[in-house]
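Protein chains: 2
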Amino acid sequence: MATKTPVTVAYGDGIGPEIMAATLQILEAAGAALEIETIEVGEKVYLQGNTSGIEPSSWESLLRTKVFLKAPITTPQGGGYKSLNVTTRKTLGQYANVRPCVSYHPFVETKHPNMDIVVIRENEEDLYAGVEYRLSPEMTSAIKLISRPGTEKIVRYAFEYARRHNRKKVTCFTKDNILKMTDGLFHKIYDEIAAGYPDIEKEHWIVDIGAAKMADTPEAFDVIVMPNLYGDVLSDVAAQIAGSVGLAGSANIGDNCSMFEAIHGSAPRRAGQNLANPSGLLLGAVLMLMHINQPEAAERVHNGWLRTIEDGIHTYDIFEERVSTKKVGTKEFACAVIDRLGQKPNRLKPVSYAKYQAQSPGASAVSASKPVPMELKGIDVIIHWPSRNTSELAALINKHAGNGLSLEMIDNRGVKVFPPGVAAAETFCTDSFRCRFMSDGTADRSKMLELVKRISDAGVDVAMTATLRTFDSVEGYSLAQGQ
Amino acid sequence: MATKTPVTVAYGDGIGPEIMAATLQILEAAGAALEIETIEVGEKVYLQGNTSGIEPSSWESLLRTKVFLKAPITTPQGGGYKSLNVTTRKTLGQYANVRPCVSYHPFVETKHPNMDIVVIRENEEDLYAGVEYRLSPEMTSAIKLISRPGTEKIVRYAFEYARRHNRKKVTCFTKDNILKMTDGLFHKIYDEIAAGYPDIEKEHWIVDIGAAKMADTPEAFDVIVMPNLYGDVLSDVAAQIAGSVGLAGSANIGDNCSMFEAIHGSAPRRAGQNLANPSGLLLGAVLMLMHINQPEAAERVHNGWLRTIEDGIHTYDIFEERVSTKKVGTKEFACAVIDRLGQKPNRLKPVSYAKYQAQSPGASAVSASKPVPMELKGIDVIIHWPSRNTSELAALINKHAGNGLSLEMIDNRGVKVFPPGVAAAETFCTDSFRCRFMSDGTADRSKMLELVKRISDAGVDVAMTATLRTFDSVEGYSLAQGQ
Numbered sequence: 002m003a004t005k006t007p008v009t010v011a012y013g014d015g016i017g018p019e020i021m022a023a024t025l026q027i028l029e030a031a032g033a034a035l036e037i038e039t040i041e042v043g044e045k046v047y048l049q050g051n052t053s054g055i056e057p058s059s060w061e062s063l064l065r066t067k068v069f070l071k072a073p074i075t076t077p078q079g080g081g082y083k084s085l086n087v088t089t090r091k092t093l094g095q096y097a098n099v100r101p102c103v104s105y106h107p108f109v110e111t112k113h114p115n116m117d118i119v120v121i122r123e124n125e126e127d128l129y130a131g132v133e134y135r136l137s138p139e140m141t142s143a144i145k146l147i148s149r150p151g152t153e154k155i156v157r158y159a160f161e162y163a164r165r166h167n168r169k170k171v172t173c174f175t176k177d178n179i180l181k182m183t184d185g186l187f188h189k190i191y192d193e194i195a196a197g198y199p200d201i202e203k204e205h206w207i208v209d210i211g212a213a214k215m216a217d218t219p220e221a222f223d224v225i226v227m228p229n230l231y232g233d234v235l236s237d238v239a240a241q242i243a244g245s246v247g248l249a250g251s252a253n254i255g256d257n258c259s260m261f262e263a264i265h266g267s268a269p270r271r272a273g274q275n276l277a278n279p280s281g282l283l284l285g286a287v288l289m290l291m292h293i294n295q296p297e298a299a300e301r302v303h304n305g306w307l308r309t310i311e312d313g314i315h316t317y318d319i320f321e322e323r324v325s326t327k328k329v330g331t332k333e334f335a336c337a338v339i340d341r342l343g344q345k346p347n348r349l350k351p352v353s354y355a356k357y358q359a360q361s362p363g364a365s366a367v368s369a370s371k372p373v374p375m376e377l378k379g380i381d382v383i384i385h386w387p388s389r390n391t392s393e394l395a396a397l398i399n400k401h402a403g404n405g406l407s408l409e410m411i412d413n414r415g416v417k418v419f420p421p422g423v424a425a426a427e428t429f430c431t432d433s434f435r436c437r438f439m440s441d442g443t444a445d446r447s448k449m450l451e452l453v454k455r456i457s458d459a460g461v462d463v464a465m466t467a468t469l470r471t472f473d474s475v476e477g478y479s480l481a482q483g484q
Numbered sequence: 002m003a004t005k006t007p008v009t010v011a012y013g014d015g016i017g018p019e020i021m022a023a024t025l026q027i028l029e030a031a032g033a034a035l036e037i038e039t040i041e042v043g044e045k046v047y048l049q050g051n052t053s054g055i056e057p058s059s060w061e062s063l064l065r066t067k068v069f070l071k072a073p074i075t076t077p078q079g080g081g082y083k084s085l086n087v088t089t090r091k092t093l094g095q096y097a098n099v100r101p102c103v104s105y106h107p108f109v110e111t112k113h114p115n116m117d118i119v120v121i122r123e124n125e126e127d128l129y130a131g132v133e134y135r136l137s138p139e140m141t142s143a144i145k146l147i148s149r150p151g152t153e154k155i156v157r158y159a160f161e162y163a164r165r166h167n168r169k170k171v172t173c174f175t176k177d178n179i180l181k182m183t184d185g186l187f188h189k190i191y192d193e194i195a196a197g198y199p200d201i202e203k204e205h206w207i208v209d210i211g212a213a214k215m216a217d218t219p220e221a222f223d224v225i226v227m228p229n230l231y232g233d234v235l236s237d238v239a240a241q242i243a244g245s246v247g248l249a250g251s252a253n254i255g256d257n258c259s260m261f262e263a264i265h266g267s268a269p270r271r272a273g274q275n276l277a278n279p280s281g282l283l284l285g286a287v288l289m290l291m292h293i294n295q296p297e298a299a300e301r302v303h304n305g306w307l308r309t310i311e312d313g314i315h316t317y318d319i320f321e322e323r324v325s326t327k328k329v330g331t332k333e334f335a336c337a338v339i340d341r342l343g344q345k346p347n348r349l350k351p352v353s354y355a356k357y358q359a360q361s362p363g364a365s366a367v368s369a370s371k372p373v374p375m376e377l378k379g380i381d382v383i384i385h386w387p388s389r390n391t392s393e394l395a396a397l398i399n400k401h402a403g404n405g406l407s408l409e410m411i412d413n414r415g416v417k418v419f420p421p422g423v424a425a426a427e428t429f430c431t432d433s434f435r436c437r438f439m440s441d442g443t444a445d446r447s448k449m450l451e452l453v454k455r456i457s458d459a460g461v462d463v464a465m466t467a468t469l470r471t472f473d474s475v476e477g478y479s480l481a482q483g484q
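Protein chains in written order, with my numbering: chain A, 2 to 484; chain B, 2 to 484.
Just so you know, the hints here were simulated from the structure itself, not pulled from any lab data. Don't take every hint at face value.
Chain copies aren't distinguished; within one or between two, either way the pair holds.
[Said to hold, decoys possible] Straight-line Cα separation of at most 16 Å, EDC-like style, residue types lysine to aspartate or glutamate; simulated pairs: (1) Lys448 <-> Asp458; (2) Lys67 <-> Glu427; (3) Lys169 <-> Glu220; (4) Lys112 <-> Glu220; (5) Lys45 <-> Glu476; (6) Lys83 <-> Asp318; (7) Lys83 <-> Glu202; (8) Lys83 <-> Asp177; (9) Lys448 <-> Asp462; (10) Lys332 <-> Glu322.
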């Protein structure tokens, strides 16, 4: 413990300053070797006119220390303010969100007494890349992105996490029975990487059934890794049913800087009254201590905290006559934890981080990109066709085909309407149609773009085009229903 | 009850024939006026080489009766078989999935004794339109579609359902803090339509927090309406935590034909042994009876079934020493329900459909499409750039700009990498980049397509293009993070 680790700290808004002071006090008493640099983020910075809630100069500290302990902040009311978490996540390449969801029965109320799961959520891709287009007056779209390196990073992180934390199983949730290409890639990479961890049990669930199982029987799970959107929804479900929203910490792991925080908000109405429960931020700080390879301090803090909860020393939010022995404020809670540093819980399971090894720098490496033979097959042209008259559309479009390209089908919301299927006459159509042209093998991309131009020059409103290719002889595009 | 309503029935696979026989026997005894046409769907049809599991001739019956009572089917192992439910849903325009999730405490085990919610899921749009493209060796994409008419139909259906069923509140779940255009449209239309139902309470939750609340405190909800994907996941969560997966029926409501079924599968290992619980299909049939405006028969069946459950006459799947009085098979369960037709439950809440009015034909009407002034602003070109060298890419691309179009930014997975931002040098890049060109007002679509052609002719692999427009002066495209 000779050298101190530099850590960037933000006290945040609302109850933030109080719970941060309590947390840092406990860390110091536990012997954590930290060199703290303080930056300002949140409400004050937003109101100074900085729409991201962080000053440009603060990035320097974050990019240098690469460790950020952040109290909750308040985003001012009114439009134009961007989420600080989204900004730091994207700017700092924080690819993994880690959220342990643990129940502390019988000391904290829960319907799931034996719950101890960790949700590991991909943090940069999926629909949250924020790529949206309005395709027509009636139709809007958002693009879900799933990449091989992005998925490799999160899945490998999950397995490394499981190994480092002595976890037995890593479960994967996807919807690859429907989303065969995107979620199919996630599942495939999960299988590939899992093969390198024979010591860890693997298991895949379709997300709907998996979510139902998790919400009903969370004790059946251990570590769960998921694409961004499912992880967003289900990590909130997991924290809530554990009874631990006010007690849970979380980590955002990145190559350039990792951030540790409580999962709850800044609770402005509780601010300045020595009421708030510092546990969420404190457990976030425990994750930080492990990340910077100070497992002894992490274990001391975590076990002291468990003992405090077990002894019934509770802040107002978890106080209950039945199990609590003393209602305390933020400061008194911190003192109670400090008094118990070096002790272990008796009924709750103590943590043991003695053999813990922090993440190795190479853990998020991705496999080298190999060239993949691609072959051009055709082009999809998504157009706005307000009359919705499908046969008129087909006639017009067909006039512009040729030159090695023919109209294979037209669909509306994924349902083929031309050539007409069994109930096509009764298919409800929006004003947004997709026309698929296939090449006879002679049409290159240049000819395809000329076709698009002919359609556009004929007065058809082209909203989007997508190149159809095979990759290693496998189709890189889905077929329409009924195609 | 003079005229019988024609209904198409499929006995399905596994336990299907047994539970269908039991269900039809109860319906008949209850005085339901049905003229039954039987069609074959499922395993046998799949194995005859029909990849959709339904014969072309069966569509005629479905499109004529417009009512389909379907037992669970088995989809054979091996690839190439399409989901029958997806096919019928899409072919028949079944825009609404309705799933009541009720707990029957203390007669069926649940952690949520007072749960009585109805999940109404949009059934045709969202990511389940199945539009996927591989954009590069590393990047896959799927397009989420949310349309105005599709959303109007589902939201209006939800409010009409609530009014018809005497429900007090319709809650909406979206993620419109992130997906401002797609989920934003869903939320906006929800607000518009809710204004026409002042007698019904309205409420919106961000889906992550709403899902957490629902999983923990389902009694706080009544009817919940959601886009397709959230509804898929959360209707399974709701059914599971109610303890009623084996007892729940569901309706798929369409303009051309509505389908009623159990939510469970065909359980082949239980088949032919007089073991299966027919309750799920029976409650699906109750939804059907209401749909075809036979509320008296629906009420008789539903109350007789509730009384049977309450009397402890239980099939093996819900049998429990503590509350059950008699373990029965499928046939005996059906007889027990028939014996109780005309009776009401004492402890469970009886249903009352006396004042029920079936859905009026105009209920799914959508507002007329109005022309919206659009203005062309630019074009996004999504390319495959294997070297990932951003400045080389910008230099090359810039060479081809001009003619009224200039390169505004390049991003990777939604994060701006050119012009470089605060940590751009450290941003992890996949091999898929998006280049955004804005027009100075002089570039028409023709010039934009010429620009795409110049880029493509220079050897750059163009995967996708998206036209950037304003609609009624509002941007129809999202900004990149950091833009």
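Status of each hint after checking the structure:
{"no.": "1", "hint": "Lys448 <-> Asp458", "result": "both (15 Å within a copy, 11 Å between copies)"}
{"no.": "2", "hint": "Lys67 <-> Glu427", "result": "between (58 Å within a copy, 12 Å between copies)"}
{"no.": "3", "hint": "Lys169 <-> Glu220", "result": "within (13 Å within a copy, 35 Å between copies)"}
{"no.": "4", "hint": "Lys112 <-> Glu220", "result": "both (11 Å within a copy, 14 Å between copies)"}
{"no.": "5", "hint": "Lys45 <-> Glu476", "result": "neither (52 Å within a copy, 30 Å between copies)"}
{"no.": "6", "hint": "Lys83 <-> Asp318", "result": "neither (30 Å within a copy, 51 Å between copies)"}
{"no.": "7", "hint": "Lys83 <-> Glu202", "result": "neither (40 Å within a copy, 31 Å between copies)"}
{"no.": "8", "hint": "Lys83 <-> Asp177", "result": "between (32 Å within a copy, 14 Å between copies)"}
{"no.": "9", "hint": "Lys448 <-> Asp462", "result": "between (19 Å within a copy, 14 Å between copies)"}
{"no.": "10", "hint": "Lys332 <-> Glu322", "result": "neither (21 Å within a copy, 51 Å between copies)"}
Hints 5, 6, 7 and 10, counting from the list given before, are not met by this structure.
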